[in-house]
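Produce the complete structure using the sequences and hints provided.
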Amino acid sequence: MVLQRSDVEKIAHLARLAVSEEELAAYASSLSDILKFVERMDSADVSRVAPMAHPLDAVQRLREDAVRESSQREKFQAIAPRVEAGLYLVPKVIE
Amino acid sequence: MHKQSIASLAQGLRQGDFSSEELTRHFLDRIHRYNGALNCFITVTEEVALADAREADRRLRAGEAHALTGIPLAHKDIFCTDGVRTSCASRMLDNFIAPYDATVIQSFKAAGAVMLGKANMDEFAMGSSNETSYYGPVGNPWDTARVPGGSSGGSAAAVAARLAPAATGTDTGGSIRQPAALCGLTGLKPTYGRVSRYGMIAFASSLDQGGPLALTAQDAALLMNVMAGFDEKDSTSIDQPVPDYCAALDQPLDGLRIGVPREFFGDGLDAAVGELVQAAIGQYQRMGAAIVEISLPNTRYSAPTYYVVAPAECSSNLSRFDGVRYGYRCEDPVDLMDLYKRSRGEGFGAEVKRRIMIGTYALSAGYYDAYYLKAQKLRQLISDDFKKAFVEVDVIMGPTTPTTAFAAGDKLNDPIQMYLSDIYTIAVNLAGLPAISIPCGFSAGLPVGLQIIGGYFKEAQLLHIAHRYQQETDWHARVPEAFET
Amino acid sequence: MSWETVIGLEIHVQLATKSKIFSAASTAYGAEPNTQACAIDLGMPGVLPVLNGEAVRMAVKFGLAVEARIAPRSVFARKNYFYPDLPKGYQISQYELPIVGLGHLDIHLDDGASRRIGITRAHLEEDAGKSLHEDFHGCSGIDLNRAGTPLLEIVSEPDLRSAREAVAYMKKIHALVRYLEICDGNMQEGSFRCDANVSVRPAGQTALGTRTELKNLNSFRFVERAINLEVERQIDVLEGGGSVVQETRLYDSARDETRSMRSKEEAFDYRYFPDPDLLPVILDEDYIEAVRETLPELPDARRERFMYEYGLSAYEADVLTASREMADYFEAAERASDGETRLTANWVMGDLMGALNKAGLDITESPVSAQMLGGMIRRIGDETISGKIAKQVFAAMWQGEGDADEIIEQKGLKQVTDSGAIEQIIDGILAANPQQLEQYRAGKEKLFGFFVGQVMKATQGKANPAQVNAILKQKLSSS
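Residue numbers (the numbering used here), protein chains in the order written: chain G, 1025 to 1119; chain X, 64 to 548; chain F, 201 to 679.
Just so you know, the hints here were simulated from the structure itself, not pulled from any lab data.
Some hints could be false.
[Claimed, not checked] Pair by pair, the computed Cβ-Cβ distance ranges are: (1) G:Ser-1071 / X:Glu-394: 48 to 54 Å; (2) F:Ala-407 / X:Arg-325: 58 to 64 Å; (3) X:Pro-360 / G:Ala-1102: 52 to 58 Å; (4) G:Ala-1102 / F:Gly-554: 53 to 59 Å; (5) X:Glu-109 / G:Ala-1102: 20 to 26 Å; (6) G:Val-1026 / X:Asp-447: 29 to 35 Å; (7) G:Val-1083 / X:Asn-158: 37 to 43 Å; (8) X:Lys-66 / G:Lys-1099: 40 to 46 Å; (9) G:Lys-1099 / F:Asp-456: 42 to 48 Å.
[Claimed, not checked] With a straight-line cut-off of 25 Å between C-alpha atoms, the simulated BS3-like cross-links for lysine-lysine are: (10) G:Lys-1099 / X:Lys-296; (11) F:Lys-611 / F:Lys-673; (12) F:Lys-330 / G:Lys-1099; (13) G:Lys-1099 / X:Lys-172; (14) F:Lys-218 / G:Lys-1099; (15) F:Lys-614 / F:Lys-657; (16) X:Lys-296 / F:Lys-218; (17) F:Lys-279 / X:Lys-296; (18) F:Lys-371 / F:Lys-558; (19) F:Lys-558 / F:Lys-372; (20) F:Lys-591 / F:Lys-662; (21) F:Lys-614 / F:Lys-673; (22) G:Lys-1034 / F:Lys-279; (23) F:Lys-558 / F:Lys-591; (24) X:Lys-66 / X:Lys-172; (25) F:Lys-330 / F:Lys-218; (26) F:Lys-614 / F:Lys-588; (27) G:Lys-1116 / F:Lys-330; (28) F:Lys-646 / F:Lys-611; (29) F:Lys-588 / F:Lys-646; (30) G:Lys-1116 / F:Lys-279; (31) F:Lys-644 / F:Lys-611; (32) F:Lys-611 / F:Lys-675; (33) F:Lys-611 / F:Lys-588; (34) G:Lys-1116 / F:Lys-415; (35) G:Lys-1060 / X:Lys-474; (36) F:Lys-673 / F:Lys-588; (37) F:Lys-662 / F:Lys-675; (38) F:Lys-646 / F:Lys-673; (39) F:Lys-657 / F:Lys-673; (40) G:Lys-1116 / G:Lys-1034.
For each residue, glycine too, the CB sits at the ideal point set by N, CA and C.
Structure, rendered in structure tokens:
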């Protein structure tokens, strides 16, 4: 798959990454190279193979329903870019 | 003191030859002297280290010491450390003071180990040369114009230059073993699920695993005794008893069956590296092991598979870095979209953005089956290759890397060439197996690593096999000349 | 042309666990902002989710109650999108393999008919936080206390054909989750939320029309209103020669309109994939059977039982089993009434519900407990008081003046059943009203009521009405 600048723009938007005009071309070329590389997978026959999501055949453990956390708001918000009245502030969210 | 193994330092502490504070000051002095040349630490936690050391000395005097009490260590800057900057070598987290300790860090604290500082690495562990760090590249102590490997390059360089007796690292596609090989160290990537991932900033969740970088297998075993274990905070952690990794180190190797995959000795392998690895395998044969030629036919798919799975998971794992609750936030965002795009665009480096975009693409509508699903199926095939092999053999041996340390800048602008430097290590992560890299010689003055891959939860066996080799050879004891004193 | 409405509902039920679905932070409502958002809920670097077993158990309970297939293996997936109230940039949800598969629920309509509505699936997921849009210098504030609260999203088949049916289905689910004690059902606090997928098609057509998704339907009334508005709008569009655009629309109750949500217009690509931080949830038969044993009597079974055990009509059984609390109240009152089933049904559905509605109270907040009401009804049954006096007693109980026996005693409301005494009073009244007596005997039988009234007045209503009638009849005819 060869990506065009417009493809990179779309992907960057989906991933919320600001990419400059100059970078677009460079990414289009390096991402295309990588896709070409990973498309070496195409020669493998996986028609009868089940996908593997985890290395180990393990099962989800279930946690007991108990409250064990108490507020650490001050500590957590000390490292926040912008807070007020205990809230994280972001530019206006338009619904 | 800096040339001793942890095993002998621990003995010195116990005998009162020196205090932990003296030992710690010795390593801090070395860091001050040499870090400028190597850039292997992002943060040196001098005050924390001295406080840890004094507490360790108290424990030592009180007879409450653990094997690692008072031993200074460096931690890869991917492990969250409460109250200490945890940057993941990214501008994104340059201002991030972690509000909690990773489980691994907690375990070392409980054991009384001393934290010297946070080691440099590739940004978000994405890289094989430690050149993607926001804090600049790390030099290889054997030749500072060459890369130390990555992503745990700072950890490896620090230990190789004897700026720390041992260090923690993480391994997603080779990030412990490859720098261990390029810096002449012993580096173990444990079985997926053996070491808790809680507090280890995620790159690719189904591949990441923490482990030790040390001078010897015995030291790695000492660290594993602390790091390994079930953690209820990590759903992928496995609840299985942890053996004493030091207990079986000295057993004989009689009857050991070593598989040598022909795919690990094909095109792309540097001839001198190949010869040293074969020589090491020959040494094992002389020590009583049987050599069996095997095949891992899907090896050639491992790098392409990895470069779909890892970026896909990373694209999602790194979405939390959005400039809202912590980390980098761009100046004066005009709206929400601008906040997201510029904070992430400015906070992440080029390689991280590249992988996020590849992963985003591989998961997006219309491409999921062709990339992500296909990669997951190949992952099964690659894993099955190992399962079949382990019916016939106990361990698999081969080179850790195709070449010795390459020159800085060589592959930085060629992602594919960079990705191929992990060609022998990646399959192990895809399968979730444990593997160790140990020094097995030098080519043109640069260390070469032998990789030993084991079955699930066979860390003790790997450490034992590595230890036996280190009893017969002294590659692991060599010190880079510039850092001898 | 006549149009058919097609509706499917997605109901988000907040599960009543103590802690969150993937963290040990509290789910309690109404705390100070961000005081119940722990490192995991905030999506701090390095944190990992661990699944709350109680959320799984509650989901299974629901699945069994709607006779659905419980998945022996279900998988959590990540739904990726950026939004400030979504800390990790993805929501942990279930996609291809939900925990609850195909099930169904029967709804009973006002005309007595009942319909079976398919439930496509129900899956576990985590709730998001809240964006507060009060102006913070042109900014929004983010509170992540709700982030990570367990949700069960219940998706219906497009089987509903009117807003009324949609409401009946929603009410049924609402009652069910409260019966099962898996949700508090509090709609003001957002514990029970609903989105509706609405489309119309020409009657007789089998293909579905283009649908719109209505959001923000946080009361039964709004669901009905919003769907009706949307159906009208779609029909107008189609009859005007236009076509319906597939989009998300927000119901604005203040303006009583639905409008397109601009910010959501952008096509989403959620990039679902299995969450590598979580392993497959495996449930064996033993687990499922153990949950089945904990199921209470379900609303439909209870409704049936109310009909045959208490002889109630379908309508009465519907009303009295509308909520578990209502049904529990009725049964407790009935027991305390000493077998006065009919009277109890009438009192609960009549005076009690009237008083509750007037006061805007829920059955659980009734000042008159089931024990008190039943105790009063028992006194009607054993003729200590008449039905009329009972209204007085009920009003006093409502005011908190004590239980029925205390009030009857204090106010001297005990019925007079001494026939000698009643006879004496009647004799006095007949003697005092010779004119009326004469007219009665001359055939003006309507005056019977007058005499009864006089007796009741003289006894302040306490004379046993049946006895009064009998004795009076005898006196009037005999002499």
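* To do: Hints the structure violates: just list their numbers, smallest first.
  => 11, 28, 31 and 32
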